[in-house]
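S.K.: Below are the chains, spelled out letter by letter.
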Amino acid sequence: MEKKLQRDSKALCALILVFSFLFVAYESHFKKAFAEETVMSADAGGENALQDEYDEWTDDLEEEESAPRIRDPLERFNRGVFAFNDFFYFKALKPVARGYRFITPEPVRVGVKNFFYNLGFPVRFVNDILQIKFQKAGQDTCQFILNSTAGILGFFNPARRCPWLNQPPEDTGQTLGTWSIGNGFYIVWPLLGPSTLRDSVGLVGDYFLQPVSYVRPFYISLSARSYESVNDTSLSIGEYESLKESALDPYTAFKDAYLQYRQKAVQE
Amino acid sequence: MKRQSISILLILLLVVPVSASTLADGAFDFVSNSVDKVLTILRDPAFKEESTKEDQYQRLKTVVRTLFNYDEISRRSLGIKGRSFTPEQMDEFTGLFTRLLEKIYLNRVREYSDEKVTYGDTTMLSENIAEVQTSIVTASKQIPIKYRVVFRNQEWRCYDVIIEGVSLVRNYRSQFNKILQNKTPEDLLQQLSETVNKKEAPTE
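One line per chain: the protein sequences are R and Y, in this order.
Read in order, the letters of the first sequence are residues 1 to 268 in my numbering.
Read in order, the letters of the second sequence are residues 1001 to 1204 in my numbering.
Derived from the structure by calculation, the hints contain no laboratory data.
Check before you lean on any hint, since a few could be wrong.
Covered stretches of chain R (chain Y as the covering partner; in silico rule of three or more C-beta atoms under 8 angstroms from a C-beta of chain Y) [to be verified]:
{"no.": "1", "stretch": "106-113"}
{"no.": "2", "stretch": "246-253"}
{"no.": "3", "stretch": "258-265"}
From the three backbone atoms N, C-alpha and C, an ideal C-beta is built for every residue, glycine too.
Okay, chain R solo, but in the shape it has when bound (with noise of 0.2 angstroms):
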């Protein structure tokens, strides 16, 4: 007994050593750069200027830690599939939804992108009782109720005239996210696009709770998807070419972009 407390306390030791040797490193590395800083900015201001340059250092560093970070072991081949589906969506998606577009007007559209939003209802409900968010498996399903009567089938959206009924949708990716599940790692799809491994087991969740999925045969299942996705496609044509155009490295900018996105989406 007497021997590991020795032991503990020798540990203790070594730990706030080790502890008291990085704090005085970081504190002299942090000085150093801290008086680059304000030497470059000499010129720049008064007084504020030191305490503006401590800020923004000091928010760096706590922005640096919230930022999702992942692992990349498959970075080769998630770069190739990403190139993979960008051919595809500039060769073969783009076109098939310029010229569906083209015939049809843009309320049809909408409406079609509605119904499927509605039919996806017992992914959100299930998702929001497995995440204990029993006001928001409410209000999801007020929502259905009036867009499915009122709404004729979901074509229309009656219940983006009340705000309270619209919350963000809830899916299994997030569910798991919420169970504190971590991302694993990243990996974009043929098709699919960007994904993570722990949002690919909440695929396959989503994937026996949509009830499209259970249409037979199973062609008529698959093509209705794809019809979805030719269908969403019209509606936001340009917002993936404005991003890759902005991008320095397009792979990491939708990859940072995917996981901020989703990290919003597992917090609210």
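Add chain Y to chain R, keeping to what the hints say.
M.R.: Chain Y alone, transformed into the frame defined by chain R:
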């Protein structure tokens, strides 16, 4: 004595929320005024002609210059990695990145000229930093856009835009970090100028 402390408490209670809310109001006014100015220029029928587009672009640029603090955005986007930049490189970086951001922001904003912009809450994130929530409402969806603004030298300036939960600054930082992992600041500047000067591919 007791009475005095109570009155002090009362004064504190009254003063603190008021000062906080006026600051938040300031942030809100700053963002909504700037956005409204941008929208007014975008919707101005005088700029419908193709020949006046350049003039419109210049006027938008002036408004956007007072909205964003490009120096701060540049520094935040580089993060700690910015320490390996010489002052000259930093200046060049800020110049190029400013041009890139202007191009992106103005191009995006033009796409949304007919949509409605709604304003949400303003929250103070710290003493002098606020987040103003806005959203763009299109026929098929609602895109939440948050402006992070900082009060410094007696004026508000925007230092980050968060679109659907994706922070612009963080997104660029992830890219710059990735590039600087095995390349020099010089290479990054080269790559940045290539991106800025790239001819715009038609989005349609």
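S.K.: Now, for every hint given, state plainly whether the structure supports it.
M.R.: Hints, verified against the model:
Counting residues of the stretch 106-113 of chain R whose C-beta sits closer than 8 angstroms to any C-beta of chain Y gives 5, which meets the bar of three, so the coverage hint holds. Counting residues of the stretch 246-253 of chain R whose CB lies closer than 8 angstroms to any CB of chain Y gives 6, which reaches the minimum of 3, so the coverage claim holds. Residue count for the stretch 258-265 of chain R with a Cβ under 8 angstroms from a Cβ of chain Y: 5. That meets the three needed, and the coverage hint holds.
In summary, this structure violates none of the numbered hints.
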